[in-house]
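A.B. asks: Sequence:
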Amino acid sequence: MLNGKISSRNSVIQTSCVLLTTGSFNPVHPLHFQNLVRVRDFLENEHQPRWNVLAGYISPTHDSYVHSKLGDPAWIPAKDRCRLCEEAIQHEGPGLSSWIAVSRGECEWEDGFIDFDAVTENFRDFLNSTLVGAGTLFKYPLRVVYVCGLDHYNKCSHVENIEKQKNMSSAIVYRTGCNEQQISRSSKTSGIIYIPLIKERSKLVDVSSTEIRQYFQNPGGNKTNIDRSEPVSIREMNQLMWNLPDLQHLELVTKGLMDMTDGQPWEKMTRSLLTFNFNISVSMDWIEDIIQSFRTPFWLEEKQWFVACTWDGLYSVPYFSDVSANTYFRLPLYSSVTDEALFCDHINHFILNESPKQTRYYFRHIKKLEIASSESLEMLSVFIDMSSIECLAVSTLIELSKILWMLQLMPRLKKLSINTQVSYFLQKTHKIRLECIENLEI
12 MLNGKISSRN
22 SVIQTSCVLL
32 TTGSFNPVHP
42 LHFQNLVRVR
52 DFLENEHQPR
62 WNVLAGYISP
72 THDSYVHSKL
82 GDPAWIPAKD
92 RCRLCEEAIQ
102 HEGPGLSSWI
112 AVSRGECEWE
122 DGFIDFDAVT
132 ENFRDFLNST
142 LVGAGTLFKY
152 PLRVVYVCGL
162 DHYNKCSHVE
172 NIEKQKNMSS
182 AIVYRTGCNE
192 QQISRSSKTS
202 GIIYIPLIKE
212 RSKLVDVSST
222 EIRQYFQNPG
232 GNKTNIDRSE
242 PVSIREMNQL
252 MWNLPDLQHL
262 ELVTKGLMDM
272 TDGQPWEKMT
282 RSLLTFNFNI
292 SVSMDWIEDI
302 IQSFRTPFWL
312 EEKQWFVACT
322 WDGLYSVPYF
332 SDVSANTYFR
342 LPLYSSVTDE
352 ALFCDHINHF
362 ILNESPKQTR
372 YYFRHIKKLE
382 IASSESLEML
392 SVFIDMSSIE
402 CLAVSTLIEL
412 SKILWMLQLM
422 PRLKKLSINT
432 QVSYFLQKTH
442 KIRLECIENL
452 EI
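Take the sequence shown: its position 69, counted from the start at 1, is 80 in the working numbering, and no numbers get skipped.
It is worth saying that the hints were derived from the structure and are not from the lab. Note that CB positions come from ideal geometry on N, CA and C, so glycine has one too. Don't take each hint at face value.
[Claimed, not checked] Listed below are the simulated EDC-like cross-link pairs for lysine to aspartate or glutamate, each with C-alpha atoms no more than 20 Å apart in a straight line:
#1 K266 with E191
#2 K199 with E313
#3 K442 with E452
#4 K80 with D333
#5 K425 with E55
#6 K379 with D122
#7 K279 with E313
[Stated by the list, open to error] Distance ranges between label pairs, derived from CB positions:
#8 S398 with G146: 56 to 66 Å
#9 L311 with T221: 28 to 38 Å
#10 L251 with T141: 53 to 63 Å
#11 Q59 with V393: 46 to 56 Å
#12 Y151 with L451: 47 to 57 Å
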């Protein structure tokens, strides 16, 4: 798991740390490494007091999550993602390979997907139980610093919870086009380390795994470009609509200027449309004011077009809403939606990755259920309509009685996928006749 990267250099220094970044890495790209390098440089040269960075680790996410999120053919299996990361590190030379390595613990976890905060906590416990104490490399506890980009921080508010844990910290690196309002507040009050890259911004080149995948899926098309196009203005959209007088259906995915987030000019341009769905990437302030412009009778009553907003984007609901959810599911903080079922009914894939102690949401259209935690399985029928499930994927050990209970509640079940110990599953089910199963993966 550690691949020998951690050494005891300067082990007498009390504040020694290890960097950890998680993600799909589907595929890996240079920005993933650059974030680790920038955090190391900051901690060792600018942070007060200065910290000693011993190593950095890239931890690819478990297949059960990545596959369900991306689907075929975009998904790269974990073993190949790990191999690509290792080869990319070697390709960068000793400047990286001397201190950065791949941690396979998360993607090989037999119980399936675990979220980044739990990965960080487990990594901290492993390092300190193995390397710290009498007769080991280090005298003082090691601190694990979770590293991520500003885009991830804006989407996952519980990054801040890492800072509250013993011997854990989080470092956020600026990313082009992402809003800084939330991180600016948090870095002053919560102790989160923020690296704004003020001097480097004019030279930053943004790359994402999503754009790389889209480029190779459509290399000759003009819908996607690795180098992002210039943001679109509302004036340009108005001209486009003027040139298309008979247009009835519009789907818009683009980067935009701030004037693209005002609902009023869109009312005039889209009044004759039958459908209008958009996903506009734009860095925003005063989100509540933006949402308010989409709460007029035109949007809510006449068209019944609903929108949701994050710090870095505005999108149509439910068209561009998430179709996958897990135990941590939360509704968007800002939206014009009047009935939260609009979000929940769009979810067709649910991942049980932790005990669902309580939830106020109900999912009526789940087609695929993924079991990555065996705790509180009896709670499933409380927030999921089990009768709609067609595919069951199991990546953790489950008692026979609970397997039988679930199967009885799934009359439409056709596909069964077992991603855990196959021999254990066969032993537990060898007397069960599964007449409904048409597709089996083990």
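A.B. asks: Looking at the structure, which of the earlier hints fail to hold?
C.D. replies: 2, 5
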